[in-house]
Amino acid sequence: MAKYSDYRMGSIWIVTFDPSVGTEIQKTRPAVIISGTLFNNQRSKVTVLP
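Residues in the sequence shown are numbered from 0 upward in steps of one, following numbering that gives the first Met the number 0.
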């Protein structure tokens, strides 16, 4: 697992969307990080779009 400082806004990562609820995606797919880099450095979660 990467350090949180490696998660930069606009970068693309391969993400496993599991567990999921209902009809949500449950596969491994590329995702774009949309949360800000400063936010990512201060928190233990990032926001992505598949």
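The hints are simulated quantities; they were obtained by calculation from the structure and are not laboratory data.
C-beta: ideal position from N, C-alpha, C; glycine also.
Some clues are possibly wrong.
Calculated cross-link-like contacts (lysine to aspartate or glutamate; reagent style DMTMM-like; alpha-carbon spacing at most 25 Å) [claimed, not checked]:
1. K44 / D5
2. K26 / D5
3. K44 / D17
4. K44 / E23
Have a look at the derived ranges for each label pair, beta carbon to beta carbon [claimed, not checked]:
5. D17 / S43: 16 to 24 Å
6. G21 / Q41: 26 to 34 Å
7. R28 / M8: 25 to 33 Å
8. G21 / T46: 24 to 32 Å
Handout entry: Restraint check for K44 with D5, where alpha carbons must lie at most 25 Å apart
Key = Between K44 and D5 the Cα gap is close to 12 Å, so the pair holds against 25 Å.
Exercise for the section: Take a look at whether the Cβ-Cβ distance between D17 and S43 falls inside 16 to 24 Å. Expected result: For D17 and S43 the Cβ distance comes to about 18 Å; the hint holds.
Problem - Range hint 25 to 33 Å (beta carbons of R28 and M8) holds or violated - result: violated (19 Å)
Practice task
Take a look at whether the Cβ-Cβ distance between G21 and Q41 falls inside 26 to 34 Å.
Solution key: About 31 Å separates the Cβ atoms of G21 and Q41, which means 26 to 34 Å holds.
Problem - Range agreement (Cβ of T46 with Cβ of G21, hint 24 to 32 Å) - result: violated (20 Å)
Problem - Restraint status (C-alpha distance of K44 to D17 at most 25 Å) - result: Measuring from Cα to Cα gives roughly 15 Å; hence the hint holds.
Problem - Proposed proximity, E23 with K44 (alpha carbon, max 25 Å) - result: Satisfied, since the Cα-Cα distance of roughly 19 Å is no more than 25 Å.
Problem - Agreement of K26 and D5 with the hint, judged by alpha carbon distance not exceeding 25 Å - result: holds (23 Å)
Against the hints set out earlier in the document, violations occur for numbers 7 and 8.
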